[in-house]
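Asks: If you read the sequences in order, they're chains A and B.
Each residue of the first sequence is one higher than the one before, starting from 1 at the first, in my numbering.
Each residue of the second sequence is one higher than the one before, starting from 1 at the first, in my numbering.
Don't read these hints as lab results, they were simulated from the structure.
Treat each hint with caution, since some may be false.
[What the hints assert, rightly or not] Straight-line Cα separation of at most 16 Å, EDC-like style, residue types lysine to aspartate or glutamate; simulated pairs:
(1) A:K8 to B:E4
(2) B:K8 to A:E390
(3) A:K8 to B:E62
(4) A:K53 to B:E265
(5) A:K169 to B:E265
(6) A:K53 to B:E62
(7) A:K201 to A:D271
(8) B:K53 to A:E390
(9) A:K52 to B:E62
(10) A:K336 to A:E379
(11) A:K52 to B:D63
(12) B:K52 to A:D57
2 protein chains.
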Amino acid sequence: MISEKMIKLAQNNSAIRAMFEEGNQMAALYGRENVYDFSLGNPNFPAPAAVKKAVTDIISSEDSVFVHGYMSNAGFESTREAVALSLNKRFGTAFGIGNIIMSVGAAGGLNVVLKTLLNPGDEVVTFSPYFVEYGNYVRNYDGVLVAVEPNLKDFQPDPDMLSSCITAKTKAVIINSPNNPTGVVYSADSIRKIAAVLEAKQKEYGTSIFIISDEPYRELAYDGVDVPYLTKFYKNTIVCYSWSKSLSLPGERIGYIVVPSEADEFRLVFDAACIATRVSGFVNAPSLQQLVVARCVNEMTDVNAYDNNRQLLYKGLTDSGFTCIYPQGAFYMWMKTPADDKEFSNAAKKFNILVVPGASFGCPGYVRIAYCVAKKTIERSLPSFKKLAEEYGLKS
Amino acid sequence: MISEKMIKLAQNNSAIRAMFEEGNQMAALYGRENVYDFSLGNPNFPAPAAVKKAVTDIISSEDSVFVHGYMSNAGFESTREAVALSLNKRFGTAFGIGNIIMSVGAAGGLNVVLKTLLNPGDEVVTFSPYFVEYGNYVRNYDGVLVAVEPNLKDFQPDPDMLSSCITAKTKAVIINSPNNPTGVVYSADSIRKIAAVLEAKQKEYGTSIFIISDEPYRELAYDGVDVPYLTKFYKNTIVCYSWSKSLSLPGERIGYIVVPSEADEFRLVFDAACIATRVSGFVNAPSLQQLVVARCVNEMTDVNAYDNNRQLLYKGLTDSGFTCIYPQGAFYMWMKTPADDKEFSNAAKKFNILVVPGASFGCPGYVRIAYCVAKKTIERSLPSFKKLAEEYGLKS
């Protein structure tokens, strides 16, 4: 009766979201403090004080009709200018407001970009493990997601494996660095090699292949690691950003798209993306939050707190005998499982620990542990992780 | 290169939105007060004071992680409960939180519902004249929009004309009352007849045919006219609501979907709509605004001000010799044009008057005049309308 695509999706609902609901149920049963819910990338840290101040100032001093009203589908010009200036200052780019479209988070931005680019049957490549929704987003526009096999050595993208996945139908490659779920930051060297592969393939096929840089974790990087700005490496790069993590505003659905002027058919791509924003039903990014981020464009969440969590959790897990990728960015720990990852994540539930099986990211044999939680949650969870390790015969 | 669907759309961009941009250009040239921009449904009245108070209270008293954080894709339970209770109180319905999904405005809601329902080739019927985006929304899911010929007598929906448009492929009928662009409110008698047609057709074809009630203008009704609540007339009704007009929050993208428990395959439709909210990239309705509307669910914009505009404009236009439908709802005047509607709307620009040709709504020979503007704008525009009437030989 209803959409067959949606029936399939309803039967095969997101494991992550299901776990979110399960976590809430467990919290009701055992008390929130006794559930170690590492399942969702829902920042547990408050937005910076500047956000509260911005909301208060805007609401008390600006005209209601302006604050809550329509604007161009691309967003308020003042916000787009603030974004462009901030990027230019930080990354030496030369964007203007004509390169920026405000989006309903990165999820909204990715959908707008994919709707803009894809014809049915077009292929979109990404590196395993990858954010499970990419597949849904690509299928929304009858595209085909092609997942590059994971590079189990260090989870850096492998240019040769990428090359073997590119065909004449490849319209885009989604890159997510700092990476969800591995926490790996793609190095400048990796990016340069990816760019070289795509340049060569564009020539070989006479096509345009876009990099879609999904970068909600851009500012969450540790140990001073460099997170390369991709438009500087490859001109057909479209950036999708979100303040969900950097300002702890995931529920507000506020982000932006960057289309650089040097991209192929820039004018058409930019205009089509504005129209896609409208016809997809987003219309525009939420207006008040657009004004808030314009004032907070140089603000940041407490990265040190995430860093402390990262070190505490990494030490605790490895001390218990687990093997993890030491994450350089984002707020995820990517841990090898001593058994099937689904079985392991079920076993973890007995200890009130919620983690997401790697299979959900196209990479079995691992689990993702989201450490965007209170430090106390990590501290309290470590003895349970230890018991879990012991159950699998791991040695501390 | 890019999506062929989007190239077509970019070439044939929304006349309304184009006029919005044109209005801004004219305002820069002649001064905002000398441009009579009736092109867009962008409320010129501020949000009720309760909205400002709600934002301030929430931001100062609630926890940032809660206010700006993720919640279930369907939205905060507290908000969904407030919506259900308000509907039940006002319309004698019996909704619970399990019937409500918060949406990114009505545009987001309509897209979620159409994504949930449509298979490629499915038909969606609506009555001309209609909001031009319906066609885009339906085509997003490879459906076909079927427009019932306008009933030029009084613009009430004609059940016989509807009946002749229903086929075995009809999945839904979009009803928009109070209507954009005519301002007509569909009577209980009209709704009863539509319901009877659809009941009969469901039996004839053995299908489920949904009414999608797009009702952002529900509360904007004048002269005490009754706006029937459609779920009470037809069980397969899905409601898409927005606070864009009733609370003057169009830029905030906040609304809801109602799926009544008695709808066919309720469980599947509701769950699929939650998933569609997620995979379409909306993820959830903006969180702060969800909390705001929960506190303002019984607040209203200044309907009297719209009513005053309505009467002032109707009198002015008819005094100049124009023929208009006397609107019972929404904030649009639907005016017969003394010449081709596109030619007429171009002629109007010479007098700095911006109105949208009826052809944009599938009904040539009329223009839509959005009177959600300052009263002064109407007052100042009337002499120009008079001159325009004279140019076409109309007699006052």
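Asks: Please work out if A:K169 and B:E265 have their alpha carbons no farther apart than 16 Å.
Replies: violated (38 Å)
Asks: Mind checking the alpha carbons of A:K52 and B:D63 for me, to see if they're no more than 16 Å apart?
Replies: Status holds; Cα separation ~11 Å.
Asks: When you check the alpha-carbon spacing of A:K8 and B:E4, does it fall within 16 Å?
Replies: violated (27 Å)
Asks: Straight-line Cα separation of A:K8 and B:E62 no greater than 16 Å?
Replies: violated (38 Å)
Asks: For A:K52 and B:E62, compute the direct alpha-carbon distance and say whether it is at most 16 Å.
Replies: Given that 16 Å is the threshold and the Cα spacing comes to 11 Å, the pair holds.
Asks: Given the proposed pairing of A:K53 with B:E62, does the C-alpha separation stay at or below 16 Å?
Replies: holds (14 Å)
Asks: Under the criterion that the straight-line Cα-Cα distance not exceed 16 Å, is the pair A:K336, A:E379 satisfied?
Replies: violated (20 Å)
Asks: Mind checking the alpha carbons of B:K53 and A:E390 for me, to see if they're no more than 16 Å apart?
Replies: It is violated: about 54 Å lies between the C-alpha atoms, which goes past 16 Å.
Asks: Can you confirm whether the C-alpha distance between A:K53 and B:E265 stays at or below 16 Å?
Replies: violated (46 Å)
Asks: Check whether the Cα positions of B:K52 and A:D57 lie no farther apart than 16 Å.
Replies: Cα-Cα ~11 Å, so holds.
Asks: Does A:D271 lie within 16 Å of A:K201 when you go C-alpha to C-alpha?
Replies: Violated: A:K201 and A:D271 sit about 26 Å apart, past 16 Å.
Asks: So if I understand the rule, the pair passes when the alpha-carbon distance is 16 Å or less; does B:K8 with A:E390 pass?
Replies: violated (61 Å)
Violated hints for the displayed structure, listed by number in ascending order: 1, 2, 3, 4, 5, 7, 8, 10.
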